[in-house]
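Trainee: So the chains spell out like this:
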Amino acid sequence: MINKYSVRKESIVGIALLLILLAVMTVIDFFLPSYHIAVMVIKKASVYALVAVSMNLLNGFTGLFSLGQAGFMLLGAYTYAIFSIPVAKRAGVYQYFDGGWIQFSIPEFFSEFLGETIGLNMGIILTLILGGLVAAFFAYLIGLPVLRLKSDYLAIATLGFAEILRAFFQWPNLGPLTNGSNLLKSYPDFKSATGYVVLIGIFIAMIVLLVNSTYGRAFKAIRDDEIAAEAMGINLAKHKRLAFIISSFFAGIGGGMLAMYMGTLQALSFKSTMTYEILLVVVMGGIGSITGSVITSFMYIASMEWLLRGLDSGTFLGIHAPGVFKNGFRMAVVSLIIMVVVLFFSKGIMGDREFSVKGIVKFFDRLFGKKTPKNAGGDGNV
Amino acid sequence: MEALLPYIINGVSAGGQYALIAIGYTLVYGILRLINFAHGDVFMVAGLVMVYTTSSMPLYVSIPIVLICTVVLGFAIERVAYKPLRSAPRMSLMISAIGVSYLIQNLAFYITGGLPKPVLNPIPWVSETITILGATTKRVTLVTPVLTILLVFVLVYFIKNTKIGMGMRAASRDFETARLMGVKINTVISFTFIVGSFLAAVGSILYFTNYPSVAITSGSLPGLRAFIAAVFGGIGSIPGAVVGAFIIGLCEEMIKGLGYSTFSDAFTFALLIIVLCVKPTGLFGEKVTDKV
Numbered sequence: 001m002i003n004k005y006s007v008r009k010e011s012i013v014g015i016a017l018l019l020i021l022l023a024v025m026t027v028i029d030f031f032l033p034s035y036h037i038a039v040m041v042i043k044k045a046s047v048y049a050l051v052a053v054s055m056n057l058l059n060g061f062t063g064l065f066s067l068g069q070a071g072f073m074l075l076g077a078y079t080y081a082i083f084s085i086p087v088a089k090r091a092g093v094y095q096y097f098d099g100g101w102i103q104f105s106i107p108e109f110f111s112e113f114l115g116e117t118i119g120l121n122m123g124i125i126l127t128l129i130l131g132g133l134v135a136a137f138f139a140y141l142i143g144l145p146v147l148r149l150k151s152d153y154l155a156i157a158t159l160g161f162a163e164i165l166r167a168f169f170q171w172p173n174l175g176p177l178t179n180g181s182n183l184l185k186s187y188p189d190f191k192s193a194t195g196y197v198v199l200i201g202i203f204i205a206m207i208v209l210l211v212n213s214t215y216g217r218a219f220k221a222i223r224d225d226e227i228a229a230e231a232m233g234i235n236l237a238k239h240k241r242l243a244f245i246i247s248s249f250f251a252g253i254g255g256g257m258l259a260m261y262m263g264t265l266q267a268l269s270f271k272s273t274m275t276y277e278i279l280l281v282v283v284m285g286g287i288g289s290i291t292g293s294v295i296t297s298f299m300y301i302a303s304m305e306w307l308l309r310g311l312d313s314g315t316f317l318g319i320h321a322p323g324v325f326k327n328g329f330r331m332a333v334v335s336l337i338i339m340v341v342v343l344f345f346s347k348g349i350m351g352d353r354e355f356s357v358k359g360i361v362k363f364f365d366r367l368f369g370k371k372t373p374k375n376a377g378g379d380g381n382v
Numbered sequence: 001m002e003a004l005l006p007y008i009i010n011g012v013s014a015g016g017q018y019a020l021i022a023i024g025y026t027l028v029y030g031i032l033r034l035i036n037f038a039h040g041d042v043f044m045v046a047g048l049v050m051v052y053t054t055s056s057m058p059l060y061v062s063i064p065i066v067l068i069c070t071v072v073l074g075f076a077i078e079r080v081a082y083k084p085l086r087s088a089p090r091m092s093l094m095i096s097a098i099g100v101s102y103l104i105q106n107l108a109f110y111i112t113g114g115l116p117k118p119v120l121n122p123i124p125w126v127s128e129t130i131t132i133l134g135a136t137t138k139r140v141t142l143v144t145p146v147l148t149i150l151l152v153f154v155l156v157y158f159i160k161n162t163k164i165g166m167g168m169r170a171a172s173r174d175f176e177t178a179r180l181m182g183v184k185i186n187t188v189i190s191f192t193f194i195v196g197s198f199l200a201a202v203g204s205i206l207y208f209t210n211y212p213s214v215a216i217t218s219g220s221l222p223g224l225r226a227f228i229a230a231v232f233g234g235i236g237s238i239p240g241a242v243v244g245a246f247i248i249g250l251c252e253e254m255i256k257g258l259g260y261s262t263f264s265d266a267f268t269f270a271l272l273i274i275v276l277c278v279k280p281t282g283l284f285g286e287k288v289t290d291k292v
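Chains C and V, in that order, give the protein sequences.
Counting along the first sequence from 1, when you hit position 339 you're at 339 in my numbering, and nothing is skipped either side.
Counting along the second sequence from 1, when you hit position 39 you're at 39 in my numbering, and nothing is skipped either side.
Just so you know, these hints were derived from the structure itself, not from any lab.
Just to be clear, a hint being listed does not mean it is correct.
In silico BS3-like links for lysine-lysine, alpha-carbon gap of 27 Å or less [unchecked claim]: (1) K83(V) with K138(V); (2) K358(C) with K238(C); (3) K326(C) with K220(C); (4) K271(C) with K185(C); (5) K279(V) with K117(V); (6) K117(V) with K150(C); (7) K150(C) with K279(V); (8) K89(C) with K220(C); (9) K279(V) with K138(V); (10) K83(V) with K163(V); (11) K256(V) with K184(V); (12) K138(V) with K117(V); (13) K163(V) with K138(V); (14) K150(C) with K9(C); (15) K347(C) with K358(C); (16) K238(C) with K279(V); (17) K347(C) with K83(V); (18) K347(C) with K326(C); (19) K271(C) with K160(V); (20) K271(C) with K117(V); (21) K326(C) with K83(V).
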């Protein structure tokens, strides 16, 4: 009786929160122009949230310290761009390579017979997922030799693969496909930030479901003690490969969406620094906490792109000191904060705890003086 | 062969510079089991200090300043970022190293204003152009391998024959037991970082004499290559690191000479992955067995 009541209450509160979020997003999209800084922050932060959660799945939940994230994002980003540039614009984009090899565009194909809005968006989503699949396929291949390695060797080998991939994408002989070291541009983007938030919300929800499933528990067992996990009958190789592939799949989708957000795409921007950045976001949020990664992504991007901008441009919090607040000061301050977190608060913001609807309900119950959920039942059963 | 000769000479020189960095990685890894991601950035900072000091001071002042600054930086990194995490899991230590690398790069960006600093006053005698066997090069390319070998011999002698060297060997064999036997582990580790940073500073002076400018990211790739050299030679082994570095330097320059410069780094990383999969202990490494 009591349980049923609290479950129902939780789902009502959960749905209400989601609806509020959706309403807020719609309002933001409706009233703010698409170049407004809040819209940009929401877009970029949600992409970072997805990538950070996918990295957390590997580093935090399975205990595989992989540094290949930027490489898989690169694969997803290039797949998305290559298959979604409108045919009419290909000659301009691939101007040094006679318009390139590929002469079709998936979003265009769908918008032809499903209408401009639905077809285009569906095409975009399908192309993003294709990018994820390409990343996952490469993860399978790379995982064959690499996943046999232990902690730091695994880190350096995955980092190496990311660098090799980047070199291949810049190779002039692959130019008709990747445009060499030139920019890829003119590919479609969602019209609104709501598209980003909803799509990424769905993907993160999928990762949450995975983490709470039997597979997720097997991942955590491998993280906590490999030998004990093997003794309990968990197939180490299979589960590690699975975690690696799934993480790369979502990293690929994240990479595609990052390309979409940036508007132009170049292999040069997917350096190991990007992996480090995402890793540090994961660490600050708490290794092994999905909500931690999401919250930190939003805080990190909001402060980097918006709140701390003043540190770079002369005036911050009303203090005008162009001598100190000059180009690069923002990054220096942020990396100092990161170091403090790493050294003194190694659990990050959330540790390995999660923010849940249940927790929120309990919090408000306590806030309004209802001692325990037992009394909240109120049906005389107590 | 005639066409490849300049590349071979450059390769030997690059190998010498990588060797000097690789020793820093291999010593630290031998004792702490940590890939010191910040080591490449220490190398970069040495280059920056050299650019700043040589343009305003005479050579006999600026070179010691470069060496001292780099050594102090290496020492400080260990004390601030690694020492508090001595009993933490290895992953935390590695994250801390990545954080330090990120911090150094961003601080360098802030201080330099983000633009690559041109090397205006390279060290006079070694940066003169000479011709050997029909190939033109700077004198530094000949000095580097000789100096590297010399320093390596001094280092090996030092580790074999002094008390603190013995402490280093003991700590790399078994950290806990060495501590129980009265080896002052903190002194030994600090000293390891000092030696590593000193060699990186020498490597940096030689490397950037040959280069037009120092950018804030110019430490990361030589750093990674040197690390791969250390793994290739067998991590924890000094001769291994030197041999590995020379092989990698030579191979990279030869690939550039054959016209595939896009892939010179890709080759290095591929070599790393092959070595890790086929013979993880490297050329000269000792076999480690994991105990439950």
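Trainee: Which hints, by number, does the structure contradict?
Mentor: The structure breaks hints 1, 2, 3, 5, 6, 8, 9, 11, 13, 14, 18, 19 and 21; every other hint is satisfied.
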